[in-house]
Amino acid sequence: MTKSIISEKAKSAIGQSQPPITVEVSRREIQKYSLATQQSQQKYLDGDEAPPMFLFGLLRPLTPINELGPDGIARDASLPDLPLKRVMAGGTEMIWSRPIRPGDVLTATKTLSGMEEKQGKTGPLILLHYELDVVDADSCLVVKERSTRICR
Amino acid sequence: MSRLDQINVGDILPEKHHTATEVSLFLYNAAIWNPHRIHYDAPYTSDVEKHPAIVIDGPLQGDWLAQCVTDWLGADGQLVTFSYANRRAAYLGETLTATGEVIAKDKATRTVEVRLGIRNETGEIIAPGSAKLKFE
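Protein chains in written order, with the working numbering: chain A, 1 to 152; chain B, 1 to 136.
By construction, these hints were calculated from the structure, which means they are not laboratory data. Ideal Cβ positions, reconstructed from N, Cα and C, are used throughout, including at glycine. Some hints could be false.
Said to hold, decoys possible - The list that follows gives simulated cross-link-like pairs (lysine-lysine, DSSO-like), each with its CA atoms no further than 30 Å apart:
1. A/K121 - A/K32
2. B/K50 - B/K132
3. B/K105 - A/K85
4. B/K50 - A/K118
5. A/K43 - B/K50
6. B/K105 - A/K144
7. A/K43 - A/K118
8. A/K144 - A/K3
9. B/K16 - A/K43
10. A/K43 - B/K134
11. A/K32 - B/K132
12. B/K132 - B/K16
13. B/K132 - B/K105
14. A/K85 - A/K121
15. A/K32 - B/K134
16. B/K16 - A/K144
17. B/K50 - A/K121
18. B/K134 - A/K144
19. B/K105 - A/K32
20. A/K9 - B/K132
21. A/K43 - A/K121
22. A/K85 - A/K3
23. A/K43 - B/K105
24. B/K132 - A/K43
25. B/K50 - A/K144
To be verified - From the derived model, a few chain A residues whose C-beta atoms are all more than 12 Å from chain B:
26. A10
27. S12
28. A13
29. I14
30. Q16
31. Q41
32. L58
33. L59
34. I73
35. D81
36. E93
37. E116
38. K144
39. E145
40. R146
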């Protein structure tokens, strides 16, 4: 077994959740998303229901412009301090209990659920596994998302 | 005959072609509040991040997969699970095709599983995905 390149401090982030964020879903925001993604179903274009991938934009951090990096990206609080700095999206899986609708007040909690070290074709990789739970105002689960990010 | 009765393993979902433009990528990234310059700043994208052209967002391709399956489902049921992964980048100017195929059907639970994929112009699947649907 080769020595881990992940520091003990970075490993200690496993199991930790970021502070939950609460968002209120507006019909207009769903409509903008649906027009931008050229949806064909009227329920999405009218904003009666959100397309599944609307969730991705809904939960992005609202960072002030003067805090963005030269690439335009906000620093990411969910990223532990790792020796591999190039971060790419891996896979995403969503498990839906019900669709998102206008007026929903949703609370999302993201947890770093695991880290894996792998040897890729071009060098070492670290996989970061996240779990995201999204509940409504009655604390009922709306969607659970499992996602992976690849650091190289 | 219910909609579920008419569905068989091997059925091909209607394909949909997507050709992103500067305007559609601008609106998408504004809608999701994504300021990453590789989606709208061509000189920066090629000079600094060394991409050949403006990059089509990975999650936008995920949306196109979701559209492929939810348009096919219509009002006949609910999306239960949806997954995708971006395996290779796609660039402004490319036409991408969202594809899907029924790979399993369970009459007892009224569920259908679909394999999804974003295919580029060379025929390569650059974003595989899957979905499970529950029919009413």
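* Does the alpha-carbon distance linking B/K50 and B/K132 stay inside the 30 Å limit? -> Given pair B/K50, B/K132 is violated - Cα atoms ~37 Å apart, limit 30 Å.
* Asked: When you look at the beta carbon of A/A10, is every beta carbon of chain B farther off than 12 Å?
  -> 24 Å, holds
* Asked: A/K85 and A/K3: Cα distance at most 30 Å?
  -> 19 Å, holds
* **Holds or violated: A/K32 to B/K132, with C-alpha atoms at most 30 Å apart** => Given pair A/K32, B/K132 holds - Cα atoms ~27 Å apart, limit 30 Å.
* Status of A/I73, Cβ more than 12 Å from any chain B Cβ -> 5 Å, violated
* Asked: In terms of Cβ atoms, is chain B entirely out of 12 Å range of A/I14?
  -> Check passes; 22 Å lies beyond 12 Å.
* Asked: Within a Cα-Cα threshold of 30 Å, do A/K85 and A/K121 meet the stated pairing?
  -> 17 Å, holds
* Cβ separation check - A/D81 to all of chain B, threshold 12 Å -> Given a closest Cβ separation of 21 Å, the condition holds.
* To do: Please work out if B/K132 and B/K105 have their alpha carbons no farther apart than 30 Å.
  => 10 Å, holds
* **Pairwise hint evaluation, B/K134 against A/K32, where the allowed Cα distance is 30 Å at most** => 28 Å, holds
* Asked: Against chain B, does A/A13 keep a CB gap of more than 12 Å to every residue?
  -> 23 Å, holds
* Is A/S12 truly not at the interface, in the sense that its beta carbon sits beyond 12 Å from all beta carbons of chain B? -> 28 Å, holds
This entry does not satisfy hints 1, 2, 3, 5, 7, 8, 19, 20, 21, 25, 31, 32, 33, 34, 36, 38, 39, 40, going by the numbered hints stated previously.
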